[in-house]
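Chains B and Y, in that order, give the protein sequences.
When we follow my numbering, the leftmost residue of the first sequence carries the number 136, and every step to the right adds one.
When we follow my numbering, the leftmost residue of the second sequence carries the number 136, and every step to the right adds one.
Each hint should be verified, as a subset may be incorrect.
Stated by the list, open to error - Chain Y stretches covered by chain B per the calculated footprint, using a threshold of three residues with CB under 8 Å from any CB of chain B:
1. 144-157
2. 205-219
3. 222-230
4. 285-299
As the list claims (entries may be wrong) - Just some of the chain B residues that point at chain Y, by a computed CB distance under 8 Å:
5. THR144
6. LEU146
7. ARG151
8. PRO152
9. LEU186
10. ARG191
11. ASP224
12. LEU291
13. PHE317
Claimed, not checked - Simulated restraints on C-beta separations:
14. TYR149/Y x ASP330/B: 54 to 64 Å
15. ALA167/Y x ALA145/B: 52 to 62 Å
16. HIS212/Y x ARG225/B: 40 to 50 Å
17. SER332/B x SER323/Y: 36 to 46 Å
18. ALA167/Y x THR328/B: 47 to 57 Å
19. PRO150/B x GLY336/Y: 57 to 67 Å
20. ARG280/Y x HIS187/B: 32 to 42 Å
21. GLU275/B x GLY329/Y: 30 to 40 Å
22. SER322/B x TYR149/Y: 48 to 58 Å
23. THR347/Y x ARG338/B: 45 to 55 Å
By construction, these hints were calculated from the structure, which means they are not laboratory data.
Here the structure is a predicted model, which is why all the values come from computation and not from measurement.
Quick reminder that beta carbons are idealized off the backbone N, C-alpha and C, glycines included.
2 protein chains.
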Amino acid sequence: MAEHAKTETALTDYPRPSVAVDVAVLTVRHDALRVVAVQSPRGLSLPGTFLHPGERLAEAARRALSSKAGLQALDFHQIGMFDAPDRDDRGWVLSMAHGSVVPHESLANSNDIVEVEIEDGSATSPLAFDHAEMVTLSVEDMRRRYAASIDPGRLLGDAFTLLELRKLYEVVYDRELPKDTFRRHVSSALEGTGDTSTAGGGRPAEMYRRKTEISLPESAAVLFRA
Amino acid sequence: MAEHAKTETALTDYPRPSVAVDVAVLTVRHDALRVVAVQSPRGLSLPGTFLHPGERLAEAARRALSSKAGLQALDFHQIGMFDAPDRDDRGWVLSMAHGSVVPHESLANSNDIVEVEIEDGSATSPLAFDHAEMVTLSVEDMRRRYAASIDPGRLLGDAFTLLELRKLYEVVYDRELPKDTFRRHVSSALEGTGDTSTAGGGRPAEMYRRKTEISLPESAAVLFRA
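Chain B extracted, bound-state conformation (with noise of 0.2 Å):
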């Protein structure tokens, strides 16, 4: 970092690259995964922005979700640095992906967003520039912090059965997983509300809660291994 610190040479005299943000927004409908894009004169992107100056990367993220999606309050961290540097035509352009998982519902005062399905971890729709590969990378992101918490994302409300929440896992890492492993390794971080549902069709099915301290077993992990 001190490389130029000896010289009278601005660092603006030296060749800098454009900053951008890309943002990942991870949802589930209809018991699929579903990354959002916008509409760009690139076709398909995640929502996006150049980073300006005084501002921080989260600051920009924010801005490209309000301004490009109408999305507001979404929580999201950084997934990567996309860096190569033919990756944009317009010139040198880096841009720090992010990654977020909220409820269906979050998008639902979105403005002119399109839900792209996601099939085996990826875009089942061409998105601009390296989009693709950040929505893979958010993918894989996702799957790690579900292994290691009960839905983070909060994709399910308060209370939900057990069913629901192995269905949900189950559109999440995309295959079926054991109904008895998947109790076993899940129930230390439930509690039961008390409640039943019959939602489901059947008979009552008891209703859970993520308790306080929602973090998995490690052991749980093994069950979501790829």
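Given the coordinates of chain B, assemble chain Y onto it according to the supplied hints.
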């Protein structure tokens, strides 16, 4: 990302940051976790440099390790982008922090490096810029990786005793680990070499090596939780 695509304005007409890379190289020597620092006009700092046009962040990180610290061929990965607008008083500079864990022998041919001891997860000497925070995040990242597999940085050689392995993990996690619990958690990821060691001075101790699939059972992570 398509913010300016409709205009005739070039990307370079907008303010752009300088982008740098810094690398926190962690190692263990004399039962202490240490990070590699170099002398710079700002005092001790992590080896770092500015990203050049046409270069990937990883290439810049390799160049920094080689030119600033004389270190070649180390593995590292992105830890996070440091983006506070005032983090560098020379101007607007973002820096991608990278983390690396290497055996102390890998530092043998380095030039002019300073090994800064780490206590309670933090460097014990002041570092330039926000490099102390980079070190803290790199230590947290190292602990996550060491909870997931046996000594992935290969700080120990190919064969080691359980005592040597536990002593290493006690240095990494900065606390005592109960002998029997430790053995139970790591044993499934190890296999005996058939040899014994008397290096400890006591009765001969069995030697182990990492299994080819070196992932620890996820239950082990419980032991290493903060």
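Worksheet item: Which hints from the list above does the structure break, by number from lowest to highest?
Response: 4, 5, 11, 12, 13, 15, 16
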